[in-house]
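Given the coordinates of chain A, assemble chain D onto it according to the supplied hints.
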Amino acid sequence: MPRKPETALPDLIERHQKQLLDDWLSQQRSSGALGADDPETKDQSARFLTELRKGAATGRFDDIEAPEWATTRELLDEVSRARATMGFTPSQTATFVFSLKEPLFSLLRQEMRGSAEKLVDEIWVATLLLDKLGLYTTEVYQKNREEVIARQQEELLELSTPVVELWEGILALPLIGTLDSARTQIVMENLLQQIVTSGAEIAIIDITGVPTVDTLVAQHLIKTISAARLMGADCIISGIRPQIAQTIVHLGVDLSVTSKATMADAFQLALRRIGKSVAGRAKPSRTAE
Amino acid sequence: MEQIPILRIGDCLLVSIQVDMHDRLAMALQDDLTRKIVESRARGVMIDISALEIVDSFIGRMLDNIAAMSRVLDAVTVVVGMQPAVAITLVELGLALTGVKTALDVDKGLALIRRLIDGEEGAVDRREG
Chain A
1 MPRKPETALP
11 DLIERHQKQL
21 LDDWLSQQRS
31 SGALGADDPE
41 TKDQSARFLT
51 ELRKGAATGR
61 FDDIEAPEWA
71 TTRELLDEVS
81 RARATMGFTP
91 SQTATFVFSL
101 KEPLFSLLRQ
111 EMRGSAEKLV
121 DEIWVATLLL
131 DKLGLYTTEV
141 YQKNREEVIA
151 RQQEELLELS
161 TPVVELWEGI
171 LALPLIGTLD
181 SARTQIVMEN
191 LLQQIVTSGA
201 EIAIIDITGV
211 PTVDTLVAQH
221 LIKTISAARL
231 MGADCIISGI
241 RPQIAQTIVH
251 LGVDLSVTSK
261 ATMADAFQLA
271 LRRIGKSVAG
281 RAKPSRTAE
Chain D
1001 MEQIPILRIG
1011 DCLLVSIQVD
1021 MHDRLAMALQ
1031 DDLTRKIVES
1041 RARGVMIDIS
1051 ALEIVDSFIG
1061 RMLDNIAAMS
1071 RVLDAVTVVV
1081 GMQPAVAITL
1091 VELGLALTGV
1101 KTALDVDKGL
1111 ALIRRLIDGE
1121 EGAVDRREG
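Listed in order, the protein sequences are those of chains A and D. Residue numbering for the first sequence follows the working numbering, starting at 1 and increasing by one per position. Residue numbering for the second sequence follows the working numbering, starting at 1001 and increasing by one per position.
Read the hints as simulated data drawn from the structure, not as lab findings. Just so you know, these numbers come straight off a predicted model, no measurement behind them. Please note that the accuracy of each hint is not assured.
Computed, partial: chain A to chain D, Cβ under 10 Å [what the hints assert, rightly or not]:
1. R183
2. L192
3. I222
4. M231
5. G232
6. A233
7. V249
8. V253
9. S256
10. S259
11. T262
12. A264
Ideal Cβ positions, reconstructed from N, Cα and C, are used throughout, including at glycine.
This is chain A alone, in the form it adopts within the complex (with noise of 0.2 Å):
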């Protein structure tokens, strides 16, 4: 069980609330700090003293994860996400709660005059709190920054792997962009899903978009040519550049697949597979015997 420390904070807090929420703004103003005379940012200010006022009051500066310090946090993340969004450098964004410092400790100095040891132990307890609370900032920053890479990820995703439908019975993927494990099941999914909607017996795959060819390239291609072939449903790779073609061989991968130059060549295959074909129009009359 931590000791419980005898600190003077909330009371302090408590009796100047006003003279230092005024001190804590002219000092964010001062440090440069972006957005410090907005009113969002003194009301944010006026309500962090006193969310402090009561977490300090119940005593447990050693963890600010307990649910004492629940309603500080989520203020602390409603800023820090606000902060995130605007445009902030997470070190601004932390500087909300460390510019707080000197205020108050300039407060207990006046307060504490003349006991140093209880001076000492006081801005000890006050520093650690803080050095806390700003971190946690950060934390809520840098996760929230994660979201959204995480978020373009996914769209990226989505976005990276259509399926057309070329003609009655062909379908066509275009694939562009390396090609791991997560994204192969995506586009293994689509292929198959799109298959089984649209009847297509054919499915060309070009990969054009693709950078490099390694053997686990190869084997996520195989896979999905498995897979569609499973369905009933025939491949052909397009879209295989000189180097590309050079780094299989080399490798000795074994596609065991039809291949073709170009998607035009490919398209030209499929519809003979299917019986159809496109023939030229017929010029109206001959202009040289």
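For chain D alone, kept in the frame of chain A given last:
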């Protein structure tokens, strides 16, 4: 004991799997089917697994075995209507069923069997060059 019906359409046999396959049922199906092929002198076997939502490696291998057995008895096997999830599972299990012909649905499966029996496959290959 439940039994999977084997229907005869011309010189083809149609097996439609509508229940969850368990191992003993699979073994019984192999027995029944091989007997039926010999009895009816069928040239083609179509296995419809569109209602099958779960496969394990045993069922996967059974499909492969049935295809191999029919081949020995001079009948072609076409598996039709595989669900996407099933296809992905089989591939992940490493069972590509390379010896089995596949088609999207019963209609296309019948057409494929006809083509295979009539020896049209060679002609298609020659055309593709």
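Status of each hint after checking the structure:
At a threshold of 10 Å, the smallest CB-CB gap from R183(A) to chain D is about 14 Å, leaving the interface hint violated. Using the Cβ-Cβ criterion of 10 Å, the hint placing L192(A) at the interface with chain D is satisfied: the shortest such distance is roughly 3 Å. A distance limit of 10 Å between C-beta atoms decides the matter here; for I222(A) the minimum to chain D is near 8 Å, and the interface restraint holds. Proximity of M231(A) to chain D holds as hinted, the smallest CB-CB distance being about 5 Å (cut-off 10 Å).
For the restraint placing G232(A) at the interface with chain D, the shortest Cβ-Cβ distance is roughly 4 Å, inside the 10 Å limit, so the hint holds. The closest approach between the C-beta of A233(A) and any C-beta of chain D is roughly 7 Å, which is under the 10 Å cut-off, so the hint is satisfied. Because the closest C-beta pair between V249(A) and chain D is about 21 Å apart, greater than 10 Å, the hint is violated. The criterion of a C-beta within 10 Å of any C-beta in chain D is not met by V253(A), whose closest approach is roughly 15 Å, and the hint is violated.
Hint on S256(A) holds. Least Cβ distance to chain D is approximately 9 Å, under the 10 Å limit. Checking S259(A) against chain D by beta carbon gives a least distance of about 13 Å; that is not within 10 Å, so the hint is violated. Because the smallest distance between the Cβ of T262(A) and any Cβ of chain D comes to about 17 Å, over 10 Å, the interface hint for this residue is violated. Hint status for A264(A) relative to chain D: violated, with the closest Cβ pair at about 16 Å, above 10 Å.
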